[in-house]
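Undergrad: Residue numbers (the working numbering), protein chains in the order written: chain A, 583 to 816; chain B, 583 to 816.
Worth flagging that the hints you see were computed from the coordinates, not collected in a lab. Among the hints, erroneous ones may be present.
[To be verified] Lysine-lysine pairs mimicking BS3-like chemistry, simulated, CA-CA at most 30 Å apart: (1) B:K610 / B:K717; (2) B:K663 / A:K663; (3) B:K702 / B:K663; (4) A:K589 / B:K747; (5) A:K665 / B:K628; (6) A:K717 / B:K747; (7) A:K702 / A:K589; (8) B:K663 / A:K747; (9) B:K702 / A:K747; (10) B:K663 / A:K610; (11) A:K663 / B:K625; (12) A:K628 / A:K665; (13) A:K628 / B:K665; (14) B:K610 / A:K665; (15) A:K747 / A:K763.
[As the list claims (entries may be wrong)] Listed next, the stretches of chain B that the computed footprint assigns to chain A, with coverage defined by at least 3 CB atoms under 8 Å from CB atoms of chain A: (16) 595–603; (17) 649–659; (18) 674–680; (19) 711–719.
[As the list claims (entries may be wrong)] Covered stretches of chain A (in silico footprint by chain B; criterion: 3 or more residues with CB under 8 Å from a CB of chain B, positions within the stretch not fixed): (20) 641–647; (21) 661–669; (22) 677–688; (23) 710–719.
Think of the CB as a built atom: it goes at the ideal place given N, C-alpha and C, for glycine as much as any other residue.
Here is how the chains run, residue by residue.
Number of protein chains: 2
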Amino acid sequence: MFHGKVKAVAFDADDTLWINEPFFARVKADVAEMMSGYVSPEKFTKVLEQTQSRNIAVFGYGVKCFVISMIETANAVTSGKIKGLEIEQIIELGRSMMTNPVEPIEGVEEVLRVLGGDYKLLMITKGDVAEQQRKISLSGMSSYFDHIEILSEKDEAAYRGILSKYSINHDEFLMVGNSVKSDILPVVGIGGCAVHIPFHTTWVHEVVCEDDLCGHKYVELGSACELLPLLSVS
Amino acid sequence: MFHGKVKAVAFDADDTLWINEPFFARVKADVAEMMSGYVSPEKFTKVLEQTQSRNIAVFGYGVKCFVISMIETANAVTSGKIKGLEIEQIIELGRSMMTNPVEPIEGVEEVLRVLGGDYKLLMITKGDVAEQQRKISLSGMSSYFDHIEILSEKDEAAYRGILSKYSINHDEFLMVGNSVKSDILPVVGIGGCAVHIPFHTTWVHEVVCEDDLCGHKYVELGSACELLPLLSVS
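Go ahead and model the full structure; you've got the sequences and the hints to work with.
TA: Rendered as structure tokens:
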């Protein structure tokens, strides 16, 4: 499908190459449970999400903003009655997130190994540079990539900048990722190709969707392994 | 002195291009004062510095780690008796640091404008990518630079990587910055040139120091303006 046209394949990192979101979800659930003497876990989670959304705009993505948001939320929902031990536990959970092992998503590394023979490979991720570099290093995957970029936002301008930097034609570029907003729409928007691999999809399906914005298409796959036939490699 | 040899001049950003450390110092003093009902400002500052040093190794540089460290310290020195309002104020001070205006250091912009005619210019900074990008954008200085790099650490390997990436010979590279540890020693260590401009130096002096490690020299200047005669531009 993409063979003969695509020359460079780029991968998102969090929840595309390795597991990320479940670590946040687990800590969120732990803190909501810890605060359940003050407020229901549902209420805590709702306030946390609002706080986090407001704080990301100021502090940016990542564990540190998440820790600050959890403390702020815990403080707000207890009307300032949060205990010192609870603050300490939230910070400690944040620290544990920074030292978590990196769990590659099954099958991805083999796909990178195979594709590397025929395609230029890029990793394009976003977020806190220290956190991303730690995960890149622990993943042991960096040697598969010709270029690694850590962005603060993945929008059309950011993708244009990367393609220009590495002299890649827009229509020879394929982006693979789990986020429609960050990995698919901006790439399709500048005339590139995109493969959406939703995280937590336990069933394999393939849907070709018409992109409403500019008539381009993107493909949805159940796992990275399914990329190989589309790129005529197996 | 460097003219005829150097082809690329790189600048550190925080406290070299714009003011940074005084914002941290001011917030640190404000929070120490706020906690003075529990503990002396000297004691608070000492514990904060220890906490911050331990946390930077886990969370990385920047305002967010600083906020977490201040909360953790306030919690520790009050034996968990910190009040909700105090936590809220610490987070608010952190938020204000993320929205501070960027104050360029006097004379630097003119130096960049003049050097840009004859030299390839780089900005090489370290820290939180979102924070750095905000400051780069607000500084209005990015158009002076051919390349901008935000690193997590400025060590010999990092400098080697940048020089290789942009095909710059080690002995044609000059780094300018306020930190001996990050801007001077690793650059001199790989055979580059370095100019140290200490921040908060109110008197102008120039010292040529022998580098103990490999016989290279670096120059210490009082301000960026003094770079121009060394690079035969004025």
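Undergrad: Now tell me, hint by hint, if it's right for this structure.
TA: Results of checking the hints against the structure:
Between K610 of chain B and K717 of chain B the alpha-carbon distance is near 20 Å, which keeps this suggested pair within the 30 Å criterion. Of the pairs offered as hints, the one joining K663 of chain B and K663 of chain A holds, with about 10 Å between alpha carbons and a cut-off of 30 Å not exceeded. Between K702 of chain B and K663 of chain B the alpha-carbon distance is near 55 Å, which puts this suggested pair outside the 30 Å criterion. A C-alpha spacing of about 21 Å is found between K589 of chain A and K747 of chain B, which places the hinted pair at or below 30 Å, so the restraint holds.
Straight-line distance between C-alpha atoms of K665 of chain A and K628 of chain B comes to about 23 Å, which keeps the hinted pair within the 30 Å bound. The suggested pairing of K717 of chain A with K747 of chain B holds, with an alpha-carbon distance near 22 Å, which does not exceed 30 Å. For the proposed pair K702 of chain A and K589 of chain A, the alpha carbon gap of about 6 Å is at most 30 Å, so the pair holds. Distance restraint check for K663 of chain B and K747 of chain A: the Cα-Cα separation of roughly 53 Å exceeds the 30 Å cut-off, and the hinted pair is therefore not satisfied.
Distance restraint check for K702 of chain B and K747 of chain A: the Cα-Cα separation of roughly 17 Å lies within the 30 Å cut-off, and the hinted pair is therefore satisfied. For the proposed pair K663 of chain B and K610 of chain A, the alpha carbon gap of about 24 Å is at most 30 Å, so the pair holds. Straight-line distance between C-alpha atoms of K663 of chain A and K625 of chain B comes to about 25 Å, which keeps the hinted pair within the 30 Å bound. Restraint check for K628 of chain A and K665 of chain A: the C-alpha separation of about 21 Å stays at or below 30 Å, so the hint holds.
The suggested pairing of K628 of chain A with K665 of chain B holds, with an alpha-carbon distance near 23 Å, which does not exceed 30 Å. Restraint check for K610 of chain B and K665 of chain A: satisfied, since their Cα atoms lie roughly 23 Å apart, inside the 30 Å limit. A hinted pair counts as satisfied when its Cα atoms are at most 30 Å apart, and K747 of chain A with K763 of chain A qualifies at roughly 23 Å. For the segment 595–603 of chain B, the assignment as covered by chain A is violated, since 0 residues bring a beta-carbon within under 8 Å of that chain's beta-carbons and 3 are needed.
For the segment 649–659 of chain B, the proposed coverage by chain A is satisfied: 5 residues have a C-beta within less than 8 Å of a C-beta in that chain, meeting the threshold of three. Requiring three or more residues with a Cβ within less than 8 Å of a Cβ of chain A, the coverage given for the segment 674–680 of chain B holds, as 3 such residues are present. Chain A is given as covering the segment 711–719 of chain B, and this holds because 4 residues of the stretch bring a CB closer than 8 Å to a CB of that chain, at least three being needed. Counting residues of the segment 641–647 of chain A whose CB lies closer than 8 Å to any CB of chain B gives 7, so the stated coverage by that chain holds, three being the minimum.
For the segment 661–669 of chain A, the stated coverage by chain B holds: 8 residues have a C-beta nearer than 8 Å to a C-beta of that chain, and at least 3 were required. Counting residues of the segment 677–688 of chain A whose beta-carbon sits less than 8 Å from any beta-carbon of chain B gives 3, enough to reach three: the coverage restraint holds. With 5 residues having a Cβ less than 8 Å from any Cβ of chain B, the segment 710–719 of chain A passes the three-residue criterion, so the hint holds.
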